[in-house]
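In order, the protein sequence lines correspond to chains A and B. Just so you know, the first sequence maps onto residues 3 to 328 in the numbering used here. Just so you know, the second sequence maps onto residues 3 to 328 in the numbering used here.
Certain hints may be false.
Since the list gives no way to pick out one identical chain from another, each pair is judged satisfied if it fits inside one copy or across any two copies.
What the hints assert, rightly or not - Below 20 Å or equal to it, Euclidean Cα-Cα: the simulated EDC-like pairs (lysine to aspartate or glutamate) are:
#1 K277 - E171
#2 K273 - D316
#3 K277 - E247
#4 K273 - E171
#5 K319 - D270
#6 K117 - E265
#7 K242 - E138
#8 K207 - E131
#9 K304 - E247
#10 K277 - D231
#11 K304 - D180
#12 K319 - E266
#13 K273 - D118
#14 K277 - D118
#15 K273 - E129
#16 K277 - D318
#17 K207 - D270
#18 K277 - D180
#19 K273 - D318
#20 K277 - D316
#21 K319 - D118
#22 K273 - D232
#23 K117 - D232
#24 K277 - E143
Bear in mind the hints are in silico, worked out from the structure with no lab data behind them.
Chain by chain, the residues:
2 protein chains.
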Amino acid sequence: MMMDGCIHIPTLQDMLAARQRIMRYVHCTPVQTSRTLNALTGAQLFFKCENFQKAGAFKARGASNAVLGLSQRQAQNGVATHSSGNHGTCLTYAAGRRGIPCTVVMPRTAPQVKKDAVRGYGGRVVECEPSTSSREAVFAEVVAETGAEFVHPYNDHRVIAGQGTCSAELIEQVDGLDAVVAPIGGGGMISGTCLTLSNLAPHLKIYAAEPEQADDAYRSFNAGYIIADDAPNTVADGLKVPLKELTWHFVSTYVTDILTASEEEIVDAMKLIWKRMKIVVEASSAVPLAVILRNPRVFAGKRVGIIITGGNVDVDKLPWTRGELQ
Amino acid sequence: MMMDGCIHIPTLQDMLAARQRIMRYVHCTPVQTSRTLNALTGAQLFFKCENFQKAGAFKARGASNAVLGLSQRQAQNGVATHSSGNHGTCLTYAAGRRGIPCTVVMPRTAPQVKKDAVRGYGGRVVECEPSTSSREAVFAEVVAETGAEFVHPYNDHRVIAGQGTCSAELIEQVDGLDAVVAPIGGGGMISGTCLTLSNLAPHLKIYAAEPEQADDAYRSFNAGYIIADDAPNTVADGLKVPLKELTWHFVSTYVTDILTASEEEIVDAMKLIWKRMKIVVEASSAVPLAVILRNPRVFAGKRVGIIITGGNVDVDKLPWTRGELQ
Numbered sequence: 003m004m005m006d007g008c009i010h011i012p013t014l015q016d017m018l019a020a021r022q023r024i025m026r027y028v029h030c031t032p033v034q035t036s037r038t039l040n041a042l043t044g045a046q047l048f049f050k051c052e053n054f055q056k057a058g059a060f061k062a063r064g065a066s067n068a069v070l071g072l073s074q075r076q077a078q079n080g081v082a083t084h085s086s087g088n089h090g091t092c093l094t095y096a097a098g099r100r101g102i103p104c105t106v107v108m109p110r111t112a113p114q115v116k117k118d119a120v121r122g123y124g125g126r127v128v129e130c131e132p133s134t135s136s137r138e139a140v141f142a143e144v145v146a147e148t149g150a151e152f153v154h155p156y157n158d159h160r161v162i163a164g165q166g167t168c169s170a171e172l173i174e175q176v177d178g179l180d181a182v183v184a185p186i187g188g189g190g191m192i193s194g195t196c197l198t199l200s201n202l203a204p205h206l207k208i209y210a211a212e213p214e215q216a217d218d219a220y221r222s223f224n225a226g227y228i229i230a231d232d233a234p235n236t237v238a239d240g241l242k243v244p245l246k247e248l249t250w251h252f253v254s255t256y257v258t259d260i261l262t263a264s265e266e267e268i269v270d271a272m273k274l275i276w277k278r279m280k281i282v283v284e285a286s287s288a289v290p291l292a293v294i295l296r297n298p299r300v301f302a303g304k305r306v307g308i309i310i311t312g313g314n315v316d317v318d319k320l321p322w323t324r325g326e327l328q
Numbered sequence: 003m004m005m006d007g008c009i010h011i012p013t014l015q016d017m018l019a020a021r022q023r024i025m026r027y028v029h030c031t032p033v034q035t036s037r038t039l040n041a042l043t044g045a046q047l048f049f050k051c052e053n054f055q056k057a058g059a060f061k062a063r064g065a066s067n068a069v070l071g072l073s074q075r076q077a078q079n080g081v082a083t084h085s086s087g088n089h090g091t092c093l094t095y096a097a098g099r100r101g102i103p104c105t106v107v108m109p110r111t112a113p114q115v116k117k118d119a120v121r122g123y124g125g126r127v128v129e130c131e132p133s134t135s136s137r138e139a140v141f142a143e144v145v146a147e148t149g150a151e152f153v154h155p156y157n158d159h160r161v162i163a164g165q166g167t168c169s170a171e172l173i174e175q176v177d178g179l180d181a182v183v184a185p186i187g188g189g190g191m192i193s194g195t196c197l198t199l200s201n202l203a204p205h206l207k208i209y210a211a212e213p214e215q216a217d218d219a220y221r222s223f224n225a226g227y228i229i230a231d232d233a234p235n236t237v238a239d240g241l242k243v244p245l246k247e248l249t250w251h252f253v254s255t256y257v258t259d260i261l262t263a264s265e266e267e268i269v270d271a272m273k274l275i276w277k278r279m280k281i282v283v284e285a286s287s288a289v290p291l292a293v294i295l296r297n298p299r300v301f302a303g304k305r306v307g308i309i310i311t312g313g314n315v316d317v318d319k320l321p322w323t324r325g326e327l328q
């Protein structure tokens, strides 16, 4: 993504091309509503259900765009990434659809279900120690050995253009939105959202929702430069990663505000979605509802789109049955 | 429902009238599919998602039909029922939409979430001891005191006609079905399914799916007369109740076969639906998939509709986190 010191910032054309490229490989996911949650928040909420997306998460969009956009020569050695979460699974899904190999470097301490998910889609898992230095060393070995194309989980123009297709669908599915709220971790989804909305619906407000216990984006946003957390810990495990230069560009330029929620608020919102909407969503996906419930005045009377980012939950280890939180 | 010794068997006209009557009060629920579950079963499965129904269960259909069909005079004293499950909640929902009171007699040992659900929709809970004699005595008191109209959970022609609207939608939503599989407890849903399909799609096979540990319908079906279980116990708690004369009529006349599944198979199927389809469904709703997985030859190559009956789960007490089953 960094080439000759330049950074390739994806454009509206890139997003539109992504949409064409991936349309046969990903779902146009449904938008769901809940009278109860509307009553509770005083807003009209429209949930874009990427938990129903291929491989269970919005990351199938960006991963598919990256994989399908490779030339034959680029694709011949397959793709590789490091991820202990949805990006690894989704990249494997996309590689499988193109029929090329995919290697995912993961800490040996990553949950077994995540390793199983990558293998279930036909990917190869290579384990590293749970440290940045080990991950980088092991990943370099993988690339040297395979010649695979690196697809970063979020700091990649192809990935961001792909994620932008989600809000492109949303604004076609729901008229008259006032705002969109999406979770923020590394910033891939929020950057795609900014890319699309700043071009196609620039009057919409864009809120990023972040766990208090991993609030590096919140602090970066307020400081005006990237601040990385030191080993953040949150139940919303998809949101622990830091912003990078490309996502920082979108966040610092287009995001209206970043709002945070406590662990308890996130788990309560997650349970509320399960109970009231009858859908299985990840903790990360509940952060937007948690910040809306915490900041009712910001959203009251508004038509608000919420990106439900994914549904890949280990149902044997739910946050409220682990004994950590009730 | 028993009048002058006669039994009112609902007709296609009753179902069609129910559909008109309730259409503004219940959802036409979506049909979802899963490539993974198709691959696993060798069949093409179409899940009719009544977990997204009003009040979280198909029983909103029958309850709404009963409540909305009452004359002004019949409705003036409200409605009452005995139920520790979805019928109580759904009858309360329907009564609330008509603006009449609803009383639900429940064992004092019923789960708090069920009592809270009835109260949450504005209903009154009256507790009895957990025995048939206490329930009947308390219920008689409630009716004497209020003059409320009794709406039985399933042995009621209005309720069965309402439940029949579910498969009427399903056959419009999915072309070329070969079979429909629905859970069986008291037999309200399966009777409604029989009513509709025997008239509108008589070539479809109708399978009832039942827990092995509450297999009174299976044994009745094979014996040719109603056999009641003695205190059945199953994780599919909506399916513990016995057949009654009206539901027995439909089951004995129109059902192709009754297939059973073990507790472990039901819980495995439930987890599979949660993990793969990302929807919250009750254990009862998983019994059809469990019997399909157990009897692959019956369904291989077929287009099979499955009624997902509801999604009212106590997420704090999941079957696989209770320590009873893994």
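Original post:
Can you list which hints this structure breaks, lowest number first?
Top reply: 1, 3, 4, 6, 8, 9, 10, 15, 17, 18, 22, 23, 24
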